[in-house]
Structures are given as C-alpha cells and as structure tokens.
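Residue numbers (our numbering), protein chains in the order written: chain E, 1 to 93; chain W, 1 to 93; chain X, 1 to 93; chain Y, 1 to 93.
Be a bit skeptical, because a hint or two may be false.
Any copy, or any two copies together, can satisfy a pair, since identical chains are not distinguished.
To be verified - No more than 35 Å apart at the CA atoms, straight line, and that leaves these computed lysine-lysine pairs for DSBU-like:
#1 K8 - K81
#2 K8 - K47
#3 K81 - K13
#4 K81 - K47
If you're looking for bench data, these hints aren't it; they were derived computationally from the structure.
Number of protein chains: 4
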Amino acid sequence: MYGYASNKDDYGKRLRRIEGQIRGLQRMVEDDAYCIDILTQVAAATKALQSVAIGLVSEHMRHCVAQAIEQGGPEADAKIKEASEAIARLVRS
Amino acid sequence: MYGYASNKDDYGKRLRRIEGQIRGLQRMVEDDAYCIDILTQVAAATKALQSVAIGLVSEHMRHCVAQAIEQGGPEADAKIKEASEAIARLVRS
Amino acid sequence: MYGYASNKDDYGKRLRRIEGQIRGLQRMVEDDAYCIDILTQVAAATKALQSVAIGLVSEHMRHCVAQAIEQGGPEADAKIKEASEAIARLVRS
Amino acid sequence: MYGYASNKDDYGKRLRRIEGQIRGLQRMVEDDAYCIDILTQVAAATKALQSVAIGLVSEHMRHCVAQAIEQGGPEADAKIKEASEAIARLVRS
Numbered sequence: 001m002y003g004y005a006s007n008k009d010d011y012g013k014r015l016r017r018i019e020g021q022i023r024g025l026q027r028m029v030e031d032d033a034y035c036i037d038i039l040t041q042v043a044a045a046t047k048a049l050q051s052v053a054i055g056l057v058s059e060h061m062r063h064c065v066a067q068a069i070e071q072g073g074p075e076a077d078a079k080i081k082e083a084s085e086a087i088a089r090l091v092r093s
Numbered sequence: 001m002y003g004y005a006s007n008k009d010d011y012g013k014r015l016r017r018i019e020g021q022i023r024g025l026q027r028m029v030e031d032d033a034y035c036i037d038i039l040t041q042v043a044a045a046t047k048a049l050q051s052v053a054i055g056l057v058s059e060h061m062r063h064c065v066a067q068a069i070e071q072g073g074p075e076a077d078a079k080i081k082e083a084s085e086a087i088a089r090l091v092r093s
Numbered sequence: 001m002y003g004y005a006s007n008k009d010d011y012g013k014r015l016r017r018i019e020g021q022i023r024g025l026q027r028m029v030e031d032d033a034y035c036i037d038i039l040t041q042v043a044a045a046t047k048a049l050q051s052v053a054i055g056l057v058s059e060h061m062r063h064c065v066a067q068a069i070e071q072g073g074p075e076a077d078a079k080i081k082e083a084s085e086a087i088a089r090l091v092r093s
Numbered sequence: 001m002y003g004y005a006s007n008k009d010d011y012g013k014r015l016r017r018i019e020g021q022i023r024g025l026q027r028m029v030e031d032d033a034y035c036i037d038i039l040t041q042v043a044a045a046t047k048a049l050q051s052v053a054i055g056l057v058s059e060h061m062r063h064c065v066a067q068a069i070e071q072g073g074p075e076a077d078a079k080i081k082e083a084s085e086a087i088a089r090l091v092r093s
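Hey, can you work out the whole structure from these sequences and the hints?
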C-alpha cells in the first residue's frame, strides 16, 4: 500500500481527465485547429500532469519516506535518495 | 491550412502514444504500483507532450509566422506577439 | 545590431538585479539561512532569468528572424531553425 | 544548523560561479552579442540554479525533514507540507 492509496479514486479521475485532454488534442489536429490553440491545450495538459506529479511526490514523502525514516536504518537513506532523484527528474522535465 | 498540416499523421500518432501512456498511468494507479515508478512515467509523458509543443511552435514559425511576415503589415506583428506569448506559456509550464 | 538593441539598458538593469539576487543567495548560505527560504529565492531568480530569456526570444523573432524572412532565401530557414532550437533548450531547461 | 551546512563551501562556490555567469551575460548584452548566444548562456545559468535547488531540497529532506519525522508530532507533518510546497514552486518555475 503506497502513499497515494487513500486518494486512488482522485488520481484515477484526474488521469482520466488528462486522457480526455489528450484525445481532445487529437481531434484538434484532425480538424486542422489553429496551432496556437493546440499549444494552449498542450500547456494545460502539461500543467495537469505536473500537478499529479507534485501530489504524488507529496504523498510519497508523507507516507513511504516518513515510514522508512521512522523505522530507521539504511532503508531510510535509500528512500530519501530515491525521492530526491525523482524530484530532480520532475524539475528538469 | 496550418503549419503542422504536412505532419498531421505524425502528430496524431505521437498524441495517440501519449494517450496510451496516460492510460498506462491509470492502470498503474489501479494496480497500486510504486509511487516512484508512477512518477517516472509521468515525467516521460510530460517530456513527450513538451516535445509535441516544441514541434508545433517550430512549424508555426516556419509557416504561419513566416507567411505573415512575407505579406507584411500589422498582421505580421500580431502573429509574432501571439507566438511569443505561446512560447512564454510553454517555458513557464 | 541585434533584436534587443533598443532595450539594451533594460536588459542590463534586469541582469544586474538578478546578479544582486545571486549575491543575496550567497549571503543567505553564509549566514545559515533556512533551506526553504533559500529555495524560495532560488525560484525567484530562476523566474527572473526565464523572463529575460522570453523577452530575448521575442525580440529576436521580431527583428532578426523577421528580417531574414523579408530578405528570403535559405538564410530565413536557417534563422527559423536556429530560433526553434533555442526555444527547445529553454522549454527543456 | 541546516541541511546544507556540511556543504556550505560547495554551495557558496556554485553560487559565485552562477554570479560570474550573470556578469558574463551583462557583458554580452553590453557588447551586442548575438541573441541566440545570449539565450544559450541564459539556459546554462538557469540549469545551474535549478541544480543548486535540487541539491538543497535533497539535503533538506535528508536532515531537517528526517529529523522532524524522527522526533514525531505535528512538526513532522508541517515540515513535509512545507517541503512539498517548495518542490511544487520548483517544478512550476
């Protein structure tokens, strides 16, 4: 059971909404929509995805990382390192 | 006919692949996948979306903006301003 | 003479302000400021730098790229390609 | 004493290097350097700043956040919330 477990339904709903945004983008391309309008939608979908990522990082720290620290030992350091690397990937993407 | 017209199929294909990534994320959440693995996939989908955006901006400049500049007049300035604003939204997203 | 020439003083001023922010960060580290306060200042300096970049891209399109397109020839394509690549580096940074 | 304390000299050195990059940008603008070359340097300075931020977040989790969790109580939750918000600002900048 991971950090986001208690919000599984919420994350599922947000991802289905993003899927809908991506399908909307496919229709826009199909219908020859104006480039700038497509770009506006791409930026909106990107923000929605980043927001999911920020939520997941936060839950992960609150649960998985916190638990590892409470239990102590080398596992705690490994969890913090892993989380730091995931955050670095997000900041750089 | 807009800038990306000659690559419509390519953009459609890339967006369908991103849709597949988003559906994969839904399954991961459903199956209680590990938070960090989900985050890695979110970062990959975000990069793919940004890459679509960069391609669209480039085609837009090559076609719509270039055409407006060739024709001259106030329309050219308006197109450049519009493109600059779209780029600013991308850089900030 | 490049795109930003008429705003040289403005860009100089903005960059000196960013230099001041970076020196402020050095003092914060020196004085053992709280990590989160330092991070807030790093985010502010990053935003200021990105805003300079967005301004430069916009001036570059309005002047250098527009001029190359007006003159036509292979130089125009090369300028658009070069600008697209610079935008891609910004979006990915 | 905060998370980055044991690396204070390293952070000071990195920030002085970034200050040098910003001063280099001022000279480029002063000397009418080509827009795209300036943009390349802006992207490099932005990456260097983000890399400092990622390092600070990582040290902050390893020290301040971990310590708060070990001690338990409401302070731990507050620290995790504060770190999550700082990470969100970074991802969005």
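Hint check:
1. K8 - K81: Both: 25 Å inside a copy, 20 Å across copies.
2. K8 - K47: This pair counts as both: shortest intra-copy Cα distance 20 Å, inter-copy 24 Å.
3. K81 - K13: Intra 30 Å, inter 23 Å, cutoff 35 Å: intra and inter.
4. K81 - K47: both (26 Å within a copy, 20 Å between copies)
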